[in-house]
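Asks: Assemble the whole structure, with the sequences as input and the hints as a guide.
In terms of the numbering used here, the sequence shown opens at residue 90 and continues consecutively.
Mixed in with the good hints there might be a few duds.
Said to hold, decoys possible - Quick list of the computed label-pair ranges, beta carbon to beta carbon:
id : residue 1 : residue 2 : range
1  : D208      : G301      : 42 to 50 Å
2  : P117      : H325      : 49 to 57 Å
3  : P321      : E160      : 48 to 56 Å
4  : H411      : S102      : 17 to 25 Å
5  : V143      : E289      : 40 to 48 Å
As the list claims (entries may be wrong) - Under the rule of at most 30 Å between Cα atoms (straight-line distance), these lysine-lysine pairs were calculated in the DSS-like manner:
id : residue 1 : residue 2
6  : K409      : K170
7  : K170      : K123
8  : K91       : K409
9  : K123      : K91
10 : K170      : K256
11 : K91       : K170
12 : K123      : K380
13 : K409      : K380
14 : K135      : K409
15 : K135      : K123
16 : K297      : K256
Hint data in this document are derived by calculation from the structure and do not stem from the laboratory. On a predicted model such as this, the values are computed, not experimentally measured, just so you know. Positions of the beta carbon are idealized from the N, C-alpha and C atoms, including for glycine.
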Amino acid sequence: MKAIEIRETGGPSVLQVVERPAPEIGGPDDILVKLKAAGVNPVDTKVRRNGPLVPDGLPAVLGCDGAGVVEAAGAGVTRFKPGDEVWFCWGGIGGSVGNYAEYIVLDNQLAQAKPRAVDFIQAGAAPLVLLTAWEALHDRARLSEGQRVLIHGGAGGVGHVAIQLAKAAGARVCTTVSSPEKADFVHALGAEYCINYQEEDLVASIMKWSEGQGVDIALDTIGPEVFRQTIPAMAHYGDLVTILDPGPELDLTEARMRNLRISLELMLTPMLRDLPRARTHQGDILRRCAKLIDHGDLQIHVSQTFPLTQAEAAHRLIEKGHVTGKLALVMD
Numbered sequence: 090m091k092a093i094e095i096r097e098t099g100g101p102s103v104l105q106v107v108e109r110p111a112p113e114i115g116g117p118d119d120i121l122v123k124l125k126a127a128g129v130n131p132v133d134t135k136v137r138r139n140g141p142l143v144p145d146g147l148p149a150v151l152g153c154d155g156a157g158v159v160e161a162a163g164a165g166v167t168r169f170k171p172g173d174e175v176w177f178c179w180g181g182i183g184g185s186v187g188n189y190a191e192y193i194v195l196d197n198q199l200a201q202a203k204p205r206a207v208d209f210i211q212a213g214a215a216p217l218v219l220l221t222a223w224e225a226l227h228d229r230a231r232l233s234e235g236q237r238v239l240i241h242g243g244a245g246g247v248g249h250v251a252i253q254l255a256k257a258a259g260a261r262v263c264t265t266v267s268s269p270e271k272a273d274f275v276h277a278l279g280a281e282y283c284i285n286y287q288e289e290d291l292v293a294s295i296m297k298w299s300e301g302q303g304v305d306i307a308l309d310t311i312g313p314e315v316f317r318q319t320i321p322a323m324a325h326y327g328d329l330v331t332i333l334d335p336g337p338e339l340d341l342t343e344a345r346m347r348n349l350r351i352s353l354e355l356m357l358t359p360m361l362r363d364l365p366r367a368r369t370h371q372g373d374i375l376r377r378c379a380k381l382i383d384h385g386d387l388q389i390h391v392s393q394t395f396p397l398t399q400a401e402a403a404h405r406l407i408e409k410g411h412v413t414g415k416l417a418l419v420m421d
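Replies: Take a look at the structure:
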């Protein structure tokens, strides 16, 4: 099978097209999936640059999420049969298991039935960002109806699904963008208020929208500086969640005065720390998101696709920043 492999860390050019033996089912609970598409995520570029997240992880096949068709199932598998369409988030953090490939073997409990309303490209690009956004909003911030929610980077991969998840929960959503075109995009997804961070003051804009109260929940998808700037835009007793490292030099004086609950979100933890119960919870999240997708309440925007063999070009594009929605690799 064709796969994209890294044997050393570095720039996009270290992504190499190789021929590998197709993986085989190793246990009664395994399924063999012929991949149709895989998401391209910022974490992929970080693993490529900085190294695998597991010891002795080189050579490695990247790609944390994908979608495809079950080709074979172990003797103990009752959930799936050959021909079933599945999506999942598994692999891509080091070693031979990843989704930048034509086939993958995984425990059947890690996969879920693909939403019927989307194609393989949308399904393959979705799991990682959906899990991240859901855990950040529902599990960390305890999202509830009627709250005011700020999503930073609303046109991005995590941001564009976070807007929709918050809206589906009955929240009022504000978001930040970098252009009028992206403002149109996020408004169509359900954002009530939009801030062009290149032209408008974040805190002043939030206070205007929230009638001086601040936002109940904020999701930082950008980094330390945006995290710090968001603190004075929060309502007292609010929830500030970041999916990135907020940095070592962090003045939390104002956050303490506002009694903020600050949370960190990394959806890879169940894979990195081998937490079966947490993986089961993530499966439940994907099933809930599939229902939202099939009911027309959640869409996955893939702005560009690349053949598997052009993974290098996909990495170069995502590292430029400002991608709208998601990028995906296509195997066929």
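Asks: Does each hint fit the structure? Answer for all of them.
Replies: We went through each hint and held it up to the structure:
1. Under the hint 42 to 50 Å, the C-beta atoms of D208 and G301, about 45 Å apart, fit the expected range.
2. Taking the beta carbon of each, P117 and H325 are about 54 Å apart, inside 49 to 57 Å as hinted.
3. Between P321 and E160 the Cβ separation comes to about 54 Å, which falls inside the hinted range of 48 to 56 Å.
4. Roughly 22 Å separates the CB atoms of H411 and S102, a value that falls within the hinted 17 to 25 Å.
5. At about 42 Å, the beta-carbon gap between V143 and E289 stays in the expected band of 40 to 48 Å.
6. About 41 Å separates the Cα atoms of K409 and K170, which puts this hinted pair outside 30 Å; it is violated.
7. Proximity of K170 to K123 is assessed by CA-CA distance (about 13 Å); at most 30 Å being required, the pair is judged to hold.
8. Using a Cα cut-off of 30 Å, the hinted pair K91 and K409 holds, with the two alpha carbons roughly 27 Å apart.
9. In summary, the hint linking K123 to K91 is supported, as the alpha carbons are separated by about 12 Å, within the 30 Å threshold.
10. For the hint pairing K170 with K256, the CA-to-CA distance comes to about 35 Å; that exceeds 30 Å, so the pair is violated.
11. With a CA separation close to 24 Å, the supplied pair K91 and K170 stays within the 30 Å bound.
12. Proposed proximity of K123 and K380 is supported: the alpha carbons are some 24 Å apart, at most 30 Å.
13. Of the pairs offered as hints, the one joining K409 and K380 is violated, with about 33 Å between alpha carbons and a cut-off of 30 Å exceeded.
14. Distance restraint check for K135 and K409: the Cα-Cα separation of roughly 13 Å lies within the 30 Å cut-off, and the hinted pair is therefore satisfied.
15. Restraint check: the Cα-Cα separation between K135 and K123 comes to about 26 Å, which is no more than 30 Å; the hinted pair holds.
16. A distance of roughly 20 Å separates the Cα atoms of K297 and K256; the hinted pair therefore holds under the 30 Å criterion.
Hint violations for this structure: numbers 6, 10 and 13, all remaining hints satisfied.
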